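Visitor: Residue numbers (our numbering), protein chains in the order written: chain A, 1 to 785; chain B, 1 to 177.
These are computed hints drawn from the structure, not numbers from a lab. Be careful, since some hints might not be right.
As the list claims (entries may be wrong) - Here's a subset of chain A near chain B, in silico, CB distances under 7 Å, partners left out: (1) 613; (2) 616; (3) 618; (4) 619; (5) 622; (6) 625; (7) 628; (8) 632; (9) 730; (10) 731.
Bear in mind the structure is a predicted one, so any value in this text is a computation, not a measurement. All C-beta atoms, glycine included, are put in the ideal place defined by N, C-alpha and C.
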Amino acid sequence: MLTDDEIMAQVLEAFHQEQAEHRQAMVDVLLELEHARDNSGERQALLDQLFREAHSLKGGARAAGILAVEELAHRVEDLFSVLRQGELVLTPEICDPIYAALDAIGALMQQVSAGHPASLEPYRPQLEALTRLVRETRGLPTPLGTQPPMPRLQAEVPVEPPAPPVAAAPAAHEPAALPASTHHWDPAEGSVRLTTATLDRLMNETGELMTCTVRAQQRSAEARNLADLPARWRRTWRQTRPALSRLTASVSETPASAAAQLAGITHAEVAPLLHALDEANSLIAALDQRLALYTQRAAEDHMRLTAVTDRLHDQVRRTRMLSAATLFNPLRLQTRDMARAAGKRVQLNIDDGGAEADRQVLDGLRDVLMHLLRNAIDHGIESPEQRVAAGKAPEGRLALRAAVNGDRLLVSLADDGAGLDLSAIQRRALSSGLVAEADLERMSEGELYELIFVPGFSTRESVGALSGRGVGLDVVRSNVERMHGRVGVESLAGAGCTFTLSVPLSLTSSHGLLLSVAGASYLLPIDAVQRIVPAPAEAICIIEGRPTLTLDGRPLLLCTLADLLGQEAQPRAAAASGRLALLLGNGERLVACLVDEVLGEQELVAQRLPAPLRRVRGVAGATILADGSVVPILDAVDLLRAARGTRHSLAVTPEAEARRPQTTVLVVDDSITTRTLEKNILEAAGYRVVLATDGTEAMAVLNQLAEHGGCNLLVSDVDMPRLNGFDLTAQVRASARYKHLPVVLVTSLDSPADRERGIAAGADAYIVKRHFDQQTLLDTISQLL
Amino acid sequence: MKIDELRGNAQIWQVLEQRARELAQGERGDESIGGEEILAFRLGEGSYTLPVRFVLEVQPLGSYTALPGTPSFVIGLVNVRGRLLAALDFRPLLDIALTPPPPNAALLIVSAGGVEVGLLADSVLEVRRGDTALATSPAASAGQSAAWVRGVDSHLCLQLDLPALLADPRLVVDVEG
Numbered sequence: 001m002l003t004d005d006e007i008m009a010q011v012l013e014a015f016h017q018e019q020a021e022h023r024q025a026m027v028d029v030l031l032e033l034e035h036a037r038d039n040s041g042e043r044q045a046l047l048d049q050l051f052r053e054a055h056s057l058k059g060g061a062r063a064a065g066i067l068a069v070e071e072l073a074h075r076v077e078d079l080f081s082v083l084r085q086g087e088l089v090l091t092p093e094i095c096d097p098i099y100a101a102l103d104a105i106g107a108l109m110q111q112v113s114a115g116h117p118a119s120l121e122p123y124r125p126q127l128e129a130l131t132r133l134v135r136e137t138r139g140l141p142t143p144l145g146t147q148p149p150m151p152r153l154q155a156e157v158p159v160e161p162p163a164p165p166v167a168a169a170p171a172a173h174e175p176a177a178l179p180a181s182t183h184h185w186d187p188a189e190g191s192v193r194l195t196t197a198t199l200d201r202l203m204n205e206t207g208e209l210m211t212c213t214v215r216a217q218q219r220s221a222e223a224r225n226l227a228d229l230p231a232r233w234r235r236t237w238r239q240t241r242p243a244l245s246r247l248t249a250s251v252s253e254t255p256a257s258a259a260a261q262l263a264g265i266t267h268a269e270v271a272p273l274l275h276a277l278d279e280a281n282s283l284i285a286a287l288d289q290r291l292a293l294y295t296q297r298a299a300e301d302h303m304r305l306t307a308v309t310d311r312l313h314d315q316v317r318r319t320r321m322l323s324a325a326t327l328f329n330p331l332r333l334q335t336r337d338m339a340r341a342a343g344k345r346v347q348l349n350i351d352d353g354g355a356e357a358d359r360q361v362l363d364g365l366r367d368v369l370m371h372l373l374r375n376a377i378d379h380g381i382e383s384p385e386q387r388v389a390a391g392k393a394p395e396g397r398l399a400l401r402a403a404v405n406g407d408r409l410l411v412s413l414a415d416d417g418a419g420l421d422l423s424a425i426q427r428r429a430l431s432s433g434l435v436a437e438a439d440l441e442r443m444s445e446g447e448l449y450e451l452i453f454v455p456g457f458s459t460r461e462s463v464g465a466l467s468g469r470g471v472g473l474d475v476v477r478s479n480v481e482r483m484h485g486r487v488g489v490e491s492l493a494g495a496g497c498t499f500t501l502s503v504p505l506s507l508t509s510s511h512g513l514l515l516s517v518a519g520a521s522y523l524l525p526i527d528a529v530q531r532i533v534p535a536p537a538e539a540i541c542i543i544e545g546r547p548t549l550t551l552d553g554r555p556l557l558l559c560t561l562a563d564l565l566g567q568e569a570q571p572r573a574a575a576a577s578g579r580l581a582l583l584l585g586n587g588e589r590l591v592a593c594l595v596d597e598v599l600g601e602q603e604l605v606a607q608r609l610p611a612p613l614r615r616v617r618g619v620a621g622a623t624i625l626a627d628g629s630v631v632p633i634l635d636a637v638d639l640l641r642a643a644r645g646t647r648h649s650l651a652v653t654p655e656a657e658a659r660r661p662q663t664t665v666l667v668v669d670d671s672i673t674t675r676t677l678e679k680n681i682l683e684a685a686g687y688r689v690v691l692a693t694d695g696t697e698a699m700a701v702l703n704q705l706a707e708h709g710g711c712n713l714l715v716s717d718v719d720m721p722r723l724n725g726f727d728l729t730a731q732v733r734a735s736a737r738y739k740h741l742p743v744v745l746v747t748s749l750d751s752p753a754d755r756e757r758g759i760a761a762g763a764d765a766y767i768v769k770r771h772f773d774q775q776t777l778l779d780t781i782s783q784l785l
Numbered sequence: 001m002k003i004d005e006l007r008g009n010a011q012i013w014q015v016l017e018q019r020a021r022e023l024a025q026g027e028r029g030d031e032s033i034g035g036e037e038i039l040a041f042r043l044g045e046g047s048y049t050l051p052v053r054f055v056l057e058v059q060p061l062g063s064y065t066a067l068p069g070t071p072s073f074v075i076g077l078v079n080v081r082g083r084l085l086a087a088l089d090f091r092p093l094l095d096i097a098l099t100p101p102p103p104n105a106a107l108l109i110v111s112a113g114g115v116e117v118g119l120l121a122d123s124v125l126e127v128r129r130g131d132t133a134l135a136t137s138p139a140a141s142a143g144q145s146a147a148w149v150r151g152v153d154s155h156l157c158l159q160l161d162l163p164a165l166l167a168d169p170r171l172v173v174d175v176e177g
C-alpha cells in the first residue's frame, strides 16, 4: 500500500515529465507555424494540436494540484481556442506572451520540484497579457490591473473525471477528428519512465559490478596459484617414497628395526606413522583434484560474469543514451529569441543524424552550443540589409548537425555569415602580446583561426576590433576539453564559418593512467596524456627562473604533479632526476609534468564527486578500484591552467647545472638575512652566487672573480658600511674592466630622489625591497643578461 | 506514470481523497519536539549528538582518500559498499581545531535533504532519549555559533540539527575553474 506522500510524489513526478513534453510540443508547433506558409489545412491541424496540448497540460496540472500552472495553462488554452476558430491570426507578437507563459510554467515546476509552493504572483503580467489578447479579440473590456474572474470548477481536490482529449473544450464547434499528438505516451507500447537519477544509480551499480568482476578474476587466479602447493607435495612424496617403502617393508619384517629404535620409537608407533603419511598423501591428492575442478569452475564463472557484466554495462550505457534531437530542439526557441533580440532574421536548420549520446555528454554540450549560437547570431550573421547588399538572402542560415563516428559524437554549427576576420585576429594577437610579429607571418590560416580559442585572446575590449567574434571561446574550448573533446573552426571570408565539436559518446567509461604522487594515487584520463617521456637530469635546466625539460630540442615548461595539485613538495619528490614526465596539453601549450611513478593503465568507471562536493580544482571525479580503494580522477584542463600559473618548487640537481655554462651573480648586502635569501633564490634558479658584505669587499671579490670565470651581474644593497651601493655602482661604471657589468640595486629606500640617484650612478635596475618578490628579481636579472 | 493512469486507479484515488480531507482538517500537532532518540558521539575534545533517525549506519572510518585542494572540513572520499561518499569533519565550521582521527575512528553515514555524507566521530558513546530543554551553547551566547547547533544538553553534548548542518552553504565545495 502506497502512502499518501508516495502517491503525491508519483503524481508530481509524472506530471513533471508530462508538462515538459507538452511545453516542448507547443514550442515546436508554434515555431513551425511561425515559419509555415499559408496552407490553411495544415495550419488548422497544427492549431488543433496546440489546443489539445494546452488542454492536456491544464488537466495534468489540476490532477497534480498545482493551481498556478493550471491557471496559466488555462489562459494559454483559451488563446489557442480563439486562434483555431480563426478569430485571431498567429503572429510573432502573439507568440511572445505564449512563450513567456510556457517559460513561467517551467519555472513554477522547478519551484514545485524543489519543494517550494508554486506562487502565481510573480507571473501575473504573463497571465494578464494572455487574458488581454483573448478579451480584446472577443470584444470584451479588459479590466486594467485586475484579474478577471475565472470559471473555477474545482478548487481543492481534483475529482473531475479526466477530460477526453477530443471532447471537453470551451469551443462551440469541434473538428471531427484531431491529429494524434506526436508526444503522446502510450502504455501499450510497453515502455516505462525512469528518472535519470535511477539510471545514474544503475550505472554506478554496474561500475561496482565491474570491480567485482575484476575481484572474481583475482580470486580465480589465486585458486590457480594454490595448485602449486599440492604439486610441491607430490615432488616431496616422489622423492621420499622409495625410502618410505623400504621403511614400511623393514617394519613389517623385523619387529624392532634399528632405524626406529634410534629415535626411541617403538615398533607399535612406527606403523601408524607410516599409515598417517600414506593417508596424508591420498588426502592431498584428493584436495588437488578438487582444487583443480574448483579452479576450473571459478575461471568459468569469472568468464560468465565478465560477459554478462560487459553486456549489462553496455545496455545500461545505452539506456542513458538520448537522441541528439533532445539537445537540439530546445535550441530552436533560444535561437529565435536571440535573433529577435539582435534584430536579425535567422533560420536554424537541425539535423540530428540519428545520433545518440550519453545524457551527461549532451548536458555538457548545451552551454557550449548556446555560446556558439549566440556568437553566430550576434557577430557571424550580418544584418538583413548587409546580407542583401552582399547578394545573400536576408534571412541568415544556421545549420546544426550531429553525427556519430566510432565512439565519438561530432557536432557542427555552420553559419552563412561574414566569416572570421583574419586581419582583425592578427591585430588582436599582436596587441595582446600572444604572438610575435615574426611568428605571425609564418602562421598558416588554420593556425591563426586557432588563436581565437587561446585564453587571453578574447576580452571584452576586443569586441569592437574583432566584431566580437571569439568572445569567451577559450571557455568553450575548456568546457569541451573537460569532456575529453576537441573543438575546431573553419572559415571562409564572406561565406560563413563552421565550428566542429568532437566529444566521446559517453563520459562514464574510459581509460586512465594510475599515477603515484607523494604516496597518493591518482588517475589521469589517458586522452589527456600526449606521451610519457623519461626526464633525465641532463635534460632539465632553468630558463628564466623556471624549470624546463628539453625534449627533441624544444624547451618545455616542467612542473611536478604535486605542485599542480597544490600539495607541499616532499623533499624526496622535489629532486627532479631519473623520473618520468607526462606531456600534457598540445601544440604551444605542451607542459611536462613529473610524477613519482606510473603504476599502469586502468579501465575506469568515472563517478561524479559526491555531495557536498560540486567542483574541486584539479579533480574531475573519482573511481573505485578493484580492491575497493577510491582514486581521484584528475582534471587535465585544470592541471594545464595551474601549470601556466605555477611557481617552481623544483630543485634542479647539481649535475644538471654543471652541464650548462654558469652565470655568476655577485650579491652584496650587509644583512646576512638578505644575503641568504637572495643566494637561495638565485641558486634555485640555476645561478652561481658569490657573496660580499659591503662595496669595498665587492670590488675585491670582482677582481678575484676576473681570474675565475668573471662575474655576469651584480646585485647590491644601497645602505652599507664603508662603500654604499651608489658609490659601488659609480666605481664599477668608472672602471674600464666592469663598466658593462649589469648592476641591480635592491633597497628599502623608495623615494624618487633615491631612484634617480641610483640610475644616475649607472644602475641598470632598481628594485624596492617592499615590492620584493623572487619572480621580480629573477625576471629583472633575466632581462639584463 | 501517466496522470490518467493514476486517476484510473481506485486505490490511489482513495489516498488522494483521504489526503484532501486531512488537509481540510488543518495541521496536526508536531510530535517531534523532545524525547527524540539521539546518538551521542565524541569528536576531539567535545561530545555531540544528532537524531538517530538521520543515521543510516555507523562503520569504522577505515581507509579514505584525501582530495587535494579541498577545505579542511573535507576529510576525503570513502567507499561505502560501492558508493562514493564524502567524509566530513564539521569542526572547522565551528572554528574548532582539527585533531587527527584516532586509529579506531568511526564514520557516521547520515542522510538528510537528499544529501548523504559520512561524518567523522572519534567514538560513538550511546543512543539515548534526547533532552527536551537545552541550554544555549557558549559560542551561541557569544553570537558566534552555527545555526545548526541547537544547544547544550544535560550531558554537556552539543545537540546538532543535522538537516540544517547538511544544508549549510559553507559545506558546498564549488571552485570555479
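Visitor: Give me the numbers of the hints this structure contradicts, sorted from smallest to largest.
Guide: Per hint list: 6, 9 and 10 violated.
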